[in-house]
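Participant: Going left to right, the sequence shown walks through residues -23 to -1, 1 to 121 as mature numbering (1 follows the signal peptide of the UniProt record, and there is no 0) numbers them.
Don't read these hints as lab results, they were simulated from the structure.
Positions of the beta carbon are idealized from the N, C-alpha and C atoms, including for glycine.
Incorrect hints may have been included.
Computed Cβ-Cβ distance ranges for the label pairs, DEER-style [to be verified]:
hint	residue 1	residue 2	range
1	N63	L89	34 to 42 Å
2	S64	I37	48 to 56 Å
3	V15	S64	34 to 42 Å
4	D25	A75	24 to 32 Å
5	N67	F45	39 to 47 Å
6	I13	N63	39 to 47 Å
7	G53	Y105	32 to 40 Å
8	Y105	D85	51 to 59 Å
With a straight-line cut-off of 20 Å between C-alpha atoms, the simulated EDC-like cross-links for lysine to aspartate or glutamate are [said to hold, decoys possible]:
hint	residue 1	residue 2
9	K78	D60
10	K92	E52
11	K23	E52
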Amino acid sequence: MKNTIFTLAAIISLASVSVYSHAENMKNNDVAENGIYVGANYGYLKVDGKDDFDDNSDVIQGLVGYRFNQYLAVEGGYVNFGDYGNSLSNAETDGYTAALKVSYPIVDRVELYAKGGQLWYSTDYDVYSASISLADPATINLAG
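I would like the entire structure built from these sequences, with the hints used as guidance.
Facilitator: As structure tokens, this is what we get:
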């Protein structure tokens, strides 16, 4: 399951769109060098289990961040990995993120960036009508 989460994080990073705030220090309608920004990410989850626990789902993330300058920002977000599984067992995963983002401007309106951070997630399983909730760090809560 951990490999699936890391794969999902990579997919979300590849399909991301950010909308920056209109700060007072914008130059020639370029992206603000500092200030608050919001964004959204869309991804696709494909679960291929060794059994019949296969499914596809949309992954949606909303985020908010603050740019200290053109090179450094912090971000936080909510990720919904959706529902996946089959008629006998299924799961639903969501979580919260926090990250440090380092950017390097190449030309106007184009920059390379790298993010490093943490994903805190929880997964609710429904197996044969018995509900199990797993969270990171791993704790088990049984509800019948």
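Participant: Each of the hints needs a verdict: does it hold here or not?
Facilitator: Hints, verified against the model:
1. N63 - L89: 34 to 42 Å: Given about 41 Å between the Cβ atoms, the range holds.
2. S64 - I37: 48 to 56 Å: Distance hint for S64, I37 is violated at roughly 24 Å.
3. V15 - S64: 34 to 42 Å: Hint holds: Cβ distance 38 Å, inside 34 to 42 Å.
4. D25 - A75: 24 to 32 Å: The hint (24 to 32 Å, Cβ to Cβ) holds, given that D25 and A75 are roughly 29 Å apart.
5. N67 - F45: 39 to 47 Å: Holds - the Cβ-Cβ distance for N67 and F45, about 42 Å, lies within 39 to 47 Å.
6. I13 - N63: 39 to 47 Å: At roughly 42 Å between Cβ atoms, N63 and I13 fall inside 39 to 47 Å, so the hint holds.
7. G53 - Y105: 32 to 40 Å: Cβ of G53 to Cβ of Y105: about 36 Å, so the range 32 to 40 Å holds.
8. Y105 - D85: 51 to 59 Å: holds, 57 Å
9. K78 - D60: violated, 29 Å
10. K92 - E52: Holds. K92 to E52 sits at ~9 Å (cutoff 20 Å).
11. K23 - E52: violated, 26 Å
Hint violations for this structure: numbers 2, 9, 11, all remaining hints satisfied.
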